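Chemist: Sequence:
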Amino acid sequence: MIRTVQVKDAGQIRDLCHQALGYDSTLEKVAAQIDKFNSPDSGHFCFVYEEDQTGHILGYAEAEVYESLYSDAGLNVLGLAVFPSAQGRGIGRQLMERVEDLAKSKHSAFIRLNSASHRKEAHLFYERIGYEGNKTQKRFLKIMN
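The opening position of the sequence shown corresponds to residue 10 in our numbering, with each subsequent residue numbered one higher.
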């Protein structure tokens with residue numbers, strides 16, 4: 010079943026981010042972010058795929074409202090991850106369909122997402138579900154300590 014993420018999911022989401030995406034975080038950080046993003050005005054949306062029989066979280070999708078001066082509002086997918094052991098079962102597709110339903114309900118003009126250049130299998134997945142790769146970019150980051 011797909012549902013909105015809850016703070017109680019933080020441990021499983023942390024593990025999922027590590028195993029599927031290679032991102033490390035603390036339980037406290039993930040729980041705090043879930044709590045913050047679930048506030049009504051956050052502009053963030055996070056859905057999890059929970060296995061009915063076990064209650065285990067097998068995947069998640071996270072999106073935010075994307076607005077700029079030069080375009081209509083859309084949704085920006087910040088993350089999509091499925092545990093490697095659960096991939097190939099349609100979970101990622103179902104999560105993206107949930108994001109698409111959200112976009113339709115908000116009258117979003119588009120859904121955008123970025124996928125690292127080395128994630129070739131992810132690129133094929135997105136193309137199979139109707140997304141087009143339309144730009145190559147380089148990300149620049151400045152850490153603010």
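Watch out, some of these pointers could steer you wrong.
To be verified - Here are the simulated EDC-like pairs of lysine to aspartate or glutamate, each with C-alpha atoms no more than 20 Å apart in a straight line:
#, residue 1, residue 2
1, Lys45, Glu73
2, Lys129, Asp110
3, Lys144, Glu130
4, Lys38, Asp61
5, Lys113, Glu130
Bear in mind the hints are in silico, worked out from the structure with no lab data behind them.
All values reported here derive from a predicted model rather than from experimental measurement.
Chemist: Decide, hint by hint, whether the structure agrees.
Modeler: Now the hints, each set against the structure:
With a C-alpha separation of about 13 Å, the suggested pair Lys45 and Glu73 falls inside the 20 Å cut-off, and the hint holds. This hinted pair does not check out: Lys129 and Asp110 have alpha carbons roughly 26 Å apart, beyond 20 Å. Distance hint between Lys144 and Glu130 is fulfilled; the C-alpha atoms sit about 17 Å from each other, no more than 20 Å. This hinted pair does not check out: Lys38 and Asp61 have alpha carbons roughly 27 Å apart, beyond 20 Å.
At roughly 27 Å between alpha-carbon atoms, Lys113 and Glu130 are farther apart than 20 Å, so this suggested pair is violated.
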